[in-house]
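Residue numbers (the working numbering), protein chains in the order written: chain L, 2 to 133; chain B, 2 to 133; chain R, 2 to 133; chain E, 2 to 133; chain F, 2 to 133; chain A, 2 to 133.
Worth double-checking, as some hints may not be accurate.
Dumping the calculated DSSO-like pairs for lysine-lysine here, alpha-carbon to alpha-carbon at most 27 Å [claimed, not checked]:
(1) R/K47 with F/K15
(2) A/K15 with B/K47
(3) B/K20 with B/K40
(4) B/K47 with A/K6
(5) A/K20 with A/K47
(6) R/K15 with R/K40
(7) A/K40 with L/K20
(8) B/K20 with E/K40
(9) F/K15 with R/K6
(10) A/K6 with A/K47
(11) F/K15 with F/K40
(12) L/K47 with L/K20
(13) F/K6 with R/K40
(14) E/K6 with E/K47
(15) A/K40 with B/K40
(16) L/K47 with E/K47
(17) A/K40 with A/K15
(18) E/K40 with L/K6
(19) E/K15 with L/K6
(20) R/K40 with R/K20
(21) R/K47 with F/K6
(22) B/K47 with B/K20
Which chain L residues face chain E? A few, computed with CB under 8 Å, are given here [stated by the list, open to error]:
(23) L45
(24) F49
(25) L52
(26) N55
(27) T56
I should point out that these hints are in silico values taken from the structure, not numbers from a laboratory. Heads up, the beta-carbon is just placed ideally off N, CA and C, and yes, glycines get one too.
Next come the chains, spelled out residue by residue.
There are 6 protein chains.
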Amino acid sequence: MPERKEPTYLFSDKQVGEKSEIARRFIETRSRLNSNVEKADNFLVKRFYNLDHNTYLEGAIPAKYKELMGLVVSAGLRCDDCIHYHIIQSYRLGATRPEQEEAINVALVVGGSIVIPHLRRAYALLEELYSA
Amino acid sequence: MPERKEPTYLFSDKQVGEKSEIARRFIETRSRLNSNVEKADNFLVKRFYNLDHNTYLEGAIPAKYKELMGLVVSAGLRCDDCIHYHIIQSYRLGATRPEQEEAINVALVVGGSIVIPHLRRAYALLEELYSA
Amino acid sequence: MPERKEPTYLFSDKQVGEKSEIARRFIETRSRLNSNVEKADNFLVKRFYNLDHNTYLEGAIPAKYKELMGLVVSAGLRCDDCIHYHIIQSYRLGATRPEQEEAINVALVVGGSIVIPHLRRAYALLEELYSA
Amino acid sequence: MPERKEPTYLFSDKQVGEKSEIARRFIETRSRLNSNVEKADNFLVKRFYNLDHNTYLEGAIPAKYKELMGLVVSAGLRCDDCIHYHIIQSYRLGATRPEQEEAINVALVVGGSIVIPHLRRAYALLEELYSA
Amino acid sequence: MPERKEPTYLFSDKQVGEKSEIARRFIETRSRLNSNVEKADNFLVKRFYNLDHNTYLEGAIPAKYKELMGLVVSAGLRCDDCIHYHIIQSYRLGATRPEQEEAINVALVVGGSIVIPHLRRAYALLEELYSA
Amino acid sequence: MPERKEPTYLFSDKQVGEKSEIARRFIETRSRLNSNVEKADNFLVKRFYNLDHNTYLEGAIPAKYKELMGLVVSAGLRCDDCIHYHIIQSYRLGATRPEQEEAINVALVVGGSIVIPHLRRAYALLEELYSA
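Bound-form chain L, shown alone:
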C-alpha cells in the first residue's frame, strides 16, 4: 500500500501567486468558492475531497508525475480549472516547463484539436510561471 506520503512542495500557493497573476486569481477564486462548499459540510463531498487528496500523494509513482497525469487527463477532458490546478501543483513539485509541455502534448494528441483552446490558455499560465 505505497500511496500515502505527503509530497514536499518547493513553492507555496502564495509564492506561485506572486510569480503568476493568472495563478493568483485562479487560487483566490477557487479558495473563495471552496469555503462555500466547506461551510455546507456535505458528508459525501468531504469524503470525495479526501479521496481526491489521497490520489496524488507520493507512492509507486512520484507525486510530480501524478500531478502531470492529472494535467493530462484534465486537458483530455477539457476542464480549464483542473488544468490550471494541476499545472500549478506540478510546478510546486518541481516539474520543468518541457515536462509540462510534453504532458500537454499527450492530451493534445489523445484529445485532438478540441484541446487547443485549453492548450492556449495553459501556455499563458506556463509563460508566467516559467518566466525568468
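Dock chains B, R, E, F and A against the given chain L, drawing on the hints supplied.
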C-alpha cells in the same frame, strides 16, 4: 527539443501475447484492422499516426511515464482499446503493477464511477500480465 | 401516456431573481440570447425546444425529480448553464437544499473530480437561493 | 446528514437474473470481473467503491429516485454497463417501467441521438424485466 | 424553411447488406432492437426519432453532406453504431470513399487519437462497401 | 490524394471583425494567445497545428463543407472557441446562414439539449455576421 528518442522495450508484442491471452487477442485484432487502414494509405491518417508515435518517445518525461499518462487519459475518456494499448506499452517499458494501478486511480478519481467498468476490464488484463 | 401535465411552480423566475443575484443574471442572459434564437425561427430548433419542454412535465416521475435528474446529467456532462437552469427549476418546484446536494453528489461520484469546479459554482447558487 | 440508510430491495439479484437473461449475464460478468478487482485489494479503489455505495442510500431523496438519477447520468454519459446496473437497481427498488422510460427520456433529450443505441439496448433489458 | 425534402437513395438497405457483411449485421441488429422500442410506443421517443429523421433531409445543405456531418460528429463523440449508420447512409446517397475518409479525418483531427479505434472499425466497413 | 489545395476566402479576418464585434474579439484573443504558443516553439504542437490546417483544405469534399463539419463536431463536443472559429471560417468561404443553422441542427439533434447554451451563443455570432 528533447522529444525524439525511441524507448527501449523490455518485452516484444509477441512476449506480451504469450503472457496474456487478453493482450494477444487485442494485439491481433488491432493489427488486422490496422493493416486495412494502412492499405487505404490516407495521407492525413498516416501523418496522424506518425504524430501519435512521436508523442510517446523518450523526452523530458521518460517514455514509461508518458505511456502511463496515455493510460490515465484513455481511462478518463473511457476507451477500452486505448486502455489496453497503454497498459501493454507501459508493461513493455517496465512499469510495475502498483504503478499501473496508481495511474488508473488517477483516472478513476478524475473520471468517476463511469470509469469503473473499464477499470474492471483493465484489472483482468493486469492480472494476466503480472501473474507469476 | 402519463407525460403531459404542466407542473405547478412555487416561485416565478422573477422571485428567484430577487432571491439570488447569480440566478437573476443567468435568467437575464439566457432570456436575451434566447430571444435571438426565437427571432431566427428555425423549424427544427423550435421542435427541439418543444420536445425539451415536454420532457420535464409531470408524469410517472414527479416534475421535481425530473428537474433534479436534469441537474444530475447536466453536472455529469459538465454544463454550467444547464446546471444553473435545473437548480433553479428544482428550486421553483420545491426541492430542498439537501435534495439538491444529494442530486449533485450522484453527479460527483459518477462523473468524478472533473465535476468539482461545477459543483463549486453550483454551491454558490445554492447558497444564495437557500439563504434565510 | 440524511444520506445513510440502506434501501429495502423488493428483489434479489438472483430473482432479477431469473426474470431476465440479459440481466443474468450482466450480473455474472460484473461479479466475475469485480472479484478480480477485490483480490487486488487496492486501497483507493476500495474507498471509491465505498463512496459509490453511500451515494445511493436512502436520504433526502428516496433510493429509487437516486438509482433512476444514476440511470439518467449513465445514459447521458453513454455507459452501457452503468445503464444496465441502474436499470436493475431501480427495478429492485420498485421502479415501474414508465418511470424507467421517463428517466431514459431525460437522458435522450439532454444527450441527443447519440444516446439512441444505448436506449435500444436498455429497452431490450426493460422488455425482459417487465414482461408479464 | 428549406429543410424538408426526402433524399433520393441510390441503394436500398438490402443492397447495402449484400455488398457488406458488416453492414448487413449492423442493419439487422439495429432493426431487431428498434422493433422493441417501437413496440413500447413511448411518446417522446417517437417524437425524437421523428425530429432526428427531419434533421437529415435535403435542405440548404444537400442530404449527402448532412449524413457526412452526422458521421463526423458521431466519430468525434465516438459512437460505433452511429458511425456505421452514417457511413451507410452516406454510401446510399452516393458519397465516394475519399469523401468518407475526409469526413473521418475531420473527426480524427478534432477528436484525437481516441478516435483511432473507431476509425479502424470504420475502415473495415468502408473496405467492404467500396470493394470492386 | 485530393486533400491539398488552399481554399479561396471571400472575406479576410479583418473584414469579418468589422462585420461582427463578437468575431473581432474572438479573433483578437485567439491571436494573442496563439502568439504565446508560437513563441514556445514546441515541435509536436507545431506539427499538430500543421496537420489541423491540412484537414480543412479543398479536397474530395469542398472546403466550405469541411468547415461546416468542423462546426458540427465542435458543437457536438461543446467547444465555444471551436464553434466560433468554424462559423467564421464557413462564413469566409461563403456559407449562407441557413447552411450554418442546418449544420448546428445536426449537432443539436446528435448532441442533445446540452448543446443549446452553445447554440444560443452561436446564434448571437450568426446574427451579427449575417445582418444586412
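Hints and how they fare:
Distance hint between R/K47 and F/K15 is unfulfilled; the C-alpha atoms sit about 35 Å from each other, more than 27 Å. The straight-line distance between the Cα atoms of A/K15 and B/K47 is roughly 35 Å, outside the 27 Å bound, and the hint therefore fails. At most 27 Å may separate the alpha-carbon atoms for a hinted pair to count; B/K20 and B/K40 exceed this at roughly 30 Å. The hinted pair formed by B/K47 and A/K6 meets the criterion: a straight-line CA distance of about 18 Å does not exceed 27 Å.
In summary, the hint linking A/K20 to A/K47 is not supported, as the alpha carbons are separated by about 31 Å, beyond the 27 Å threshold. A distance of roughly 23 Å separates the Cα atoms of R/K15 and R/K40; the hinted pair therefore holds under the 27 Å criterion. Restraint check for A/K40 and L/K20: satisfied, since their Cα atoms lie roughly 20 Å apart, inside the 27 Å limit. Using a Cα cut-off of 27 Å, the hinted pair B/K20 and E/K40 holds, with the two alpha carbons roughly 20 Å apart.
For the given pair, F/K15 sits about 43 Å from R/K6 by alpha-carbon distance, which is inconsistent with the 27 Å threshold. Under the criterion of a C-alpha separation no larger than 27 Å, the hint pairing A/K6 with A/K47 is consistent with the structure, at around 20 Å. Distance check on the hinted pair: F/K15 and F/K40 sit about 23 Å apart at the alpha-carbon level, within 27 Å; holds. This hinted pair does not check out: L/K47 and L/K20 have alpha carbons roughly 31 Å apart, beyond 27 Å.
With a CA separation close to 24 Å, the supplied pair F/K6 and R/K40 stays within the 27 Å bound. A distance of roughly 20 Å separates the Cα atoms of E/K6 and E/K47; the hinted pair therefore holds under the 27 Å criterion. For the proposed pair A/K40 and B/K40, the alpha carbon gap of about 38 Å is over 27 Å, so the pair is violated. Between L/K47 and E/K47, the direct Cα distance comes to roughly 17 Å. Compliance with the 27 Å bound is thereby established for this hinted pair.
Between A/K40 and A/K15, the direct Cα distance comes to roughly 23 Å. Compliance with the 27 Å bound is thereby established for this hinted pair. For the given pair, E/K40 sits about 24 Å from L/K6 by alpha-carbon distance, which is consistent with the 27 Å threshold. Taken as a hint, the E/K15 and L/K6 pair is broken in the structure, with Cα atoms around 43 Å apart against an allowance of 27 Å. Between R/K40 and R/K20 the CA atoms are separated by roughly 30 Å; this puts the pair beyond 27 Å, and the hint is violated.
The suggested pairing of R/K47 with F/K6 holds, with an alpha-carbon distance near 18 Å, which does not exceed 27 Å. Of the supplied pair hints, the one linking B/K47 and B/K20 is violated, its CA atoms being roughly 31 Å apart against a limit of 27 Å. Of the supplied interface hints, the one on L/L45 holds, with its beta-carbon coming within about 6 Å of a beta-carbon of chain E, less than 8 Å. Against a cut-off of 8 Å between C-beta atoms, the interface hint on L/F49 holds, since the closest Cβ of chain E lies about 6 Å away.
Of the supplied interface hints, the one on L/L52 holds, with its beta-carbon coming within about 6 Å of a beta-carbon of chain E, less than 8 Å. Taking 8 Å as the C-beta contact cut-off toward chain E, the hint placing L/N55 at the interface holds, the least distance being around 6 Å. Taking 8 Å as the C-beta cut-off, the interface hint given for L/T56 holds, the closest approach to chain E being about 6 Å.
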